[in-house]
Amino acid sequence: MVMAENGKHYLKKITEHHLFLPLVCLAVVLLANVIKTPNFFQVSINNGILYGYVVDVVNRSSELLILAVGMTLVTAASGGQDISVGSVMAVSGAVCCQVLSGGQVSVNSFQNPFLLAVLAALAAAALCGAFNGLLVSKINIPPMVATLILYTAGRGIAQLVTNGQITYVRVDAYKLAGGYIPGCPVPTPVFIAIGIVVLVSIILKKTTLRLYIESVGINGSASRLVGLNSTRIKFISYVICGLLAGVAGIVASSRIYSADANNIGIYLEMDAILAVALGGNLLGGGKFSLAGSVIGAFTIQALTTTLYAMNVAADQLPVYKAIVVIIIVTLQSPVFRKFIALTLPAGRKPMKPAEAEEEVQ
Amino acid sequence: GGTSGGDAAAPPEDDANALIVVGFSQVGAESDWRTANTQSMKDTFVEANGYKLIFDDAQQKQENQITAIRNFIQQEVDYIVLAPVTETGWDTVLQEAKDAGIPVIIVDRMIDVSDDSLYTAWVGSDFRQEGDKAAAWIVENFKDKDPVNIVHIQGTIGSSAQIGRTAGLEDAVAKNSNLKIIAQQSGEFTQAKGQEVMESVLKQNDKIDVVYCENDNEAFGVIDALEAAGKTYGRDGDIKIISFDATNAGLTDTLAGKINYNVECNPLHGPRVEKIIKQLESGGTPDKKAYVDEAAFDATTITQADIDARSY
Amino acid sequence: MKAGEKTMEDRIVLSMRSINKAFPGVKALKNVDFTLRSGEIHALMGENGAGKSTLIKVLTGVYEADSGEIRIAGEDRPASIHSPQAAQEKGISTVYQEITLCPNLTVAENLFLGREPRKAGFIDWKTMNRKSEELLTGLDIHVSPTKQLDGCSIAVQQMIAIARAVDMQCRVLILDEPTSSLDDEEVGKLFSLMRRLKEQNVGIIFVTHFLEQVYAVSDRITVLRNGALVGEFMTQDLPRLQLVAKMMGKDFDDLAEIRNAHEKRKEFDETPVIEAENLGRRGSIKPFDLTAHKGEVMGFTGLLGSGRSELVRAIYGADKADNGTLKIKGKTVRINAPLDAMKKGMAYLPEDRKRDGIIADLSVRENIIIALQAKRGMFRPMSRKEAEEFTDRYIDLLQIKTASRETPLRSLSGGNQQKVIIGRWLLTNPEYLILDEPTRGIDVGTKTEIQKLILSLADEGMSVAFISSEVEEMLRTCSRMAVLRDGEKVGELSGADLTQEKIMKTIAGGEHGNG
Amino acid sequence: MKTLNDRKHMSGTTFLLIITIGLFVVMYAAGMIAFAEGGFAKPQMFLNLFISNAGLIVIACGLTLVMITGGIDISVGSVTALVCMAVAYQMEVNHMSAYGAIFIALGIGLAFGIVQGFLVAYLDIQPFIVTLAGLFLGRGLTSMISTEMISIKNEVFLSWAKFKIFLPFGSVNKKGIFQPAYIYPTVIIALLVVVAMVILLRYTKFGRRVYAVGGNQQSAMMMGLNVRRTKMQAYVLNGFLVGLGGFLFGLNSCAGFVEQAKWLEMDAISSAVIGGTLLTGGVGNPIGTLFGVLIKGTISSLITTQGTLSSWWVRIALSALLCFFIVLQSVIVSRNKKAR
Ligand SMILES: Nc1ncnc2c1ncn2[C@@H]1O[C@H](COP(=O)(O)OP(=O)(O)OP(=O)(O)O)[C@@H](O)[C@H]1O
Ligand SMILES: Nc1ncnc2c1ncn2[C@@H]1O[C@H](COP(=O)(O)OP(=O)(O)OP(=O)(O)O)[C@@H](O)[C@H]1O
Ligand SMILES: [Mg+2]
Ligand SMILES: [Mg+2]
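Chains as they are written, first to last, in this note's numbering: chain A, 1 to 361; chain B, 1 to 312; chain C, 1 to 515; chain D, 1 to 340.
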């Protein structure tokens, strides 16, 4: 009897955890594959590397995951989204390749040290982030419009850097970041993505950044009066976001060992925003969950890979994506859950709290 | 690449009046091919040759091109050169150009208008023919095999190049019972997507004979995916790779034997257009349609000289 | 309907039976019954977090009760009120505790939103503005109807909310702490209005923490404690002390004569904590001089909108002063942002709790530690344990009623939110503490506690600036008072001059020149 | 008793509108001086701004409405593409009449408006996500109808598209021939929509409800407004306008294809924001939006007329000008706010 009670209590605790639904959604998307693609979860070592759909999901979601981390911070702090991340990826990739190629269109050996190229790329990306941050925090331009500027200009800048060409760096060492370290069966991007998530989590744990960001995102005016510099905090979050986009850009360009200004990271900004939302985060800012965004990113990539595995034509893919997204967010919507709780007779639980937005006097 | 031709210092006033003003509306700068195409125009219509080029980049948006043409009309340019984003939807604005008495020359993609007199001439590639060439190569090389399993990596769905090149292959498949498309998916003309799609295809299909990629970038991605999966491909391997565009990088891979057959898509339209304008200036009537010459390169016959001749 | 005598029963306009409402961690209402009769003013009393606002929100459809029924006179079946709109349609008009108006609309629109006067189907702005003007002048509120609402002070907004509710033809009028930011004059106006409505047989539910006000207007009192009904009483049958005892569940020595207990210091030998010279801000506050000493409580008084809040905001740097100098303990300082002021030992409890105070989604713990944490900086986060200790200390000290330390602040009752914010500032251990309406919405018991706390802090050497719309409260605690009129400091009173009468005279403009 | 701020002053919104219009005039005048021989001084050049952007104006007006409620709709570009494609397909493949096509267009717009509105208003799902799904869906459905480009050749439709309305003024071209200025009917429809929206927002209960909901949803609800219904109505009306705008867009481009109207949502959003609409809701004005569209049009017009930039510089210059404009506007407005 007591055991059962405990069990129930435990179950309730799990189902009410904020990551419960995002995780369920991810699981459902993954499991849906088993029907059509029985070997979906099969992982083998092939040619010295891990091989299988699941590996693809994890590998391919790396850039998205890195972006989603930055997007989460920006969203929480400014209540808006950075839609320029895809373009910033292109800038970073372009700078990296251009430094490595020393200005030539295609090279077979590094013309400059790799480290220099990476630093230059990250600096360029951070600068882009700083530009966005300046417009948003200092000049008070709504994030979406402020970042729209680099969203359009970014790819132009990238092309300017590469002179309108695709710059190829056909050096094996450059493929490491987007490929495999010899002898290691796990793709490198996975390590980079994990590294970024861990690093950001540590920063959030060891400093007060999380508290500051959430506070500024919830009530800017009150935050100012308790001594927080909301301008600086927003600015920092944009710089971090830019920097992370830069990392993602290097990974993406390393995957194709070239700087394709027009295509690196294209449409990824929307997926990153979607990842944040699917992770149960509010796009209006405030409290956030990094783990949620990570799960969201996996969900989106799992969905894409699934649809490829099911041979859905690329141009029709958005239709299915849209439908799945709507189903997921509907399941997560508090109104819908309340409705379910009311109609399911079994749910003799205490009333759900009034909707999150309701304010108490 | 090079520096743009239009940046030169302004010539004396009286000279300016003598210059032929050409308004060129370009699709954008979405690929190396496009950049080479733009450069060709800029190099041709320089003031040294007696032209003033007004260049507009439409950023891949048709509505921008329509706006640009209206703008050219108000600027009273002598000729409008249009590299259309789409084949369709030019009736209204070309009518306006016609009303204003400005000849319009179409380059690259063909346009589909209700009245042919809305444009003066067309210069461009025949994507369908490109597709046919590539398909013919497959038919020729796999005469004795049945079935021939083809993986078809398409371009961006709806683009002219995709439509023409896909039609070429599909037509051949319909005519030759041994050819079989076992997977068809769009790689959106990019290396990254090409790789991602190919990875997925490889997990479902073991027996692949040909991968038909609709441009070089997709082919690079496919090569990466095959490499990772430990498959042999190209001139000396099991899987044959077909590609289009024949850019410098693409030909390099063809020479290296990674791509078996690469069909050219020539971006150098500038001189052709100039020829038409010269004809018009001297009162002649140019041909309504002019295809640019396009070759195809086979990995077994290509030489370094072919690559060196290629600037883009 | 029969004229003449009515029985009690048919005068009932509204009754609530066995209302239950639970939030996660708290049972906000436990089997509460409530009855309202027409033509009565019915006070709803209880400590902070007793469930008053929740009961009101259940009645007006903001929350749905877990169980219980609401009956409205003239209807056979229990009323189903699922939204404030439905409540309005049934003739229930409400002024909520936190002002619920639209900041982006004009005063006139806020008054007439949803019932705009129209001509040929289109909104008639002219009539709307004229009617607003009339309505506002009738209530003696002088504000242009075309002014955008967020440019009005809280008190004015409160009056507008009242005007809106009153102007709607209603059977039931609910006023949840309408007087918390009004001063005596406005309160007087409100009362005469309430009496007028009472004569028109409107049933009025009135929530307040001011006992005098309850006894001044109400006919009947319902007391809630911890979400449960204590009882319904006729006002004349329930002496003050008993009412307080019923609210608190224990005997309480009403408003102990704090004033006598505390010995006011007159002499200050040390250098003043704060010296302002010619400090001012264009367009809001005329240049003023001010000194504040260690261990004193200095009050700021004036009429509504006289600029008390703006004056202290200028000192704290919440709005940057554009001329004059500020010295702290003899040293001239430049304050560019609140953090500078905090580092120099100041703390500022803002007047507008909802806009400038609470960080609604953060937990009670985070809200309490945030100011101290901001002062310490980004790289010195306090440990979880430390934070919890601090939180517990202030939950105890201020008797904050919350389900847990981790409850989001938004789900606390208004008064308890206020206490959290007081705790936040006390935690920073300031030398100069600015309190703008600190006791707004706080129940009698705690209010006295807070006043005592202020005095004991002063005894320990803190200098306190205190603003309250309740002059009584200030007289009790302050040793000196600055008087403001129209954004100008017009006088300073201390010692024997500290009487209601003298203050009134100074406000009206009289003998006391600026020192 | 007397309060301090009794004097009547211009509201911040009005000031912003005046600044926006003022900056537009200055920018256009500068263009006329700098590119006088580029035809910038011709009246037709000015009218072209309206001709080319008629559809965008209507769509941006709808978006303004949604943005005032505090929402957003980023699906407008895709829905426009879907509308154009459906119209083209119905007329060219199924031989529907051009009149029928109008209903198709409005129907698609309304359908999107209703579904998105329901999800946002009644299920409380974040508008950005709902309409992002709408964006995916619209584009995907477009390619499901046809991946081919469809040219509209329906005679009635083309006669609408080519119907020039000549105006009593014009300019003389370099051969000395007078050319009357003209507009298309689409321009008149777009301007009518702007006027209708101004009236709707300012002079109807619905309009004021929209502002109230955007200003503070919670308050609006407690003041007894039906917040959900208001939002729903706003999205449905927006859907209708997207359908209409899409149709006007189709009249300008006479075609349907998958890639059509890409990034149109960004154009519409930035136009609305330049015109003074707040993304946070509660503030906005269709007239401002109209000028936002004109400003963006002028910026691209300036660059086209200049005509020597390379592709990437065009992108950079477009964004730089836009950035300059937004920053300038924001600085002027915040200065003014501080001064008050
Ligand atoms: N939305 C909510 N979620 C969770 N708890 C709530 C919510 N609203 C109120 N409560 C809790 O219900 C209890 C009653 O709150 P209520 O606001 O009714 O108090 P009150 O009597 O109005 O107090 P005050 O005098 O401080 O305004 C409190 O303990 C409060 O924390
Ligand atoms: N946020 C604001 N924006 C513009 N004007 C304001 C604002 N807040 C207050 N005012 C105006 O400034 C004047 C002084 O207001 P302040 O809040 O300082 O008055 P106060 O003496 O504190 O009175 P109370 O707090 O009782 O309203 C008032 O006329 C008020 O209308
Ligand atoms: Mg309350
Ligand atoms: Mg005040």
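If you are wondering where the hints come from, they were derived from the structure by calculation, not from laboratory data. Just so we're clear, the structure is a prediction, and the values are computed from it rather than from any experiment. From the three backbone atoms N, C-alpha and C, an ideal C-beta is built for every residue, glycine too. It is possible that part of the hints are untrue.
Here are the in silico distance ranges between beta carbons for each label pair [as the list claims (entries may be wrong)]:
#, chain 1, residue 1, chain 2, residue 2, range
1, C, R17, D, R335, 58 to 64 angstroms
2, D, R335, C, R376, 46 to 52 angstroms
3, A, Q42, B, D171, 35 to 41 angstroms
How the hints compare with the structure:
no. : hint                                   : result
1   : R17/C with R335/D: 58 to 64 angstroms  : holds, 59 angstroms
2   : R335/D with R376/C: 46 to 52 angstroms : violated, 35 angstroms
3   : Q42/A with D171/B: 35 to 41 angstroms  : holds, 37 angstroms
Going through the hint list in order, the structure does not satisfy hint 2, though it satisfies all others.
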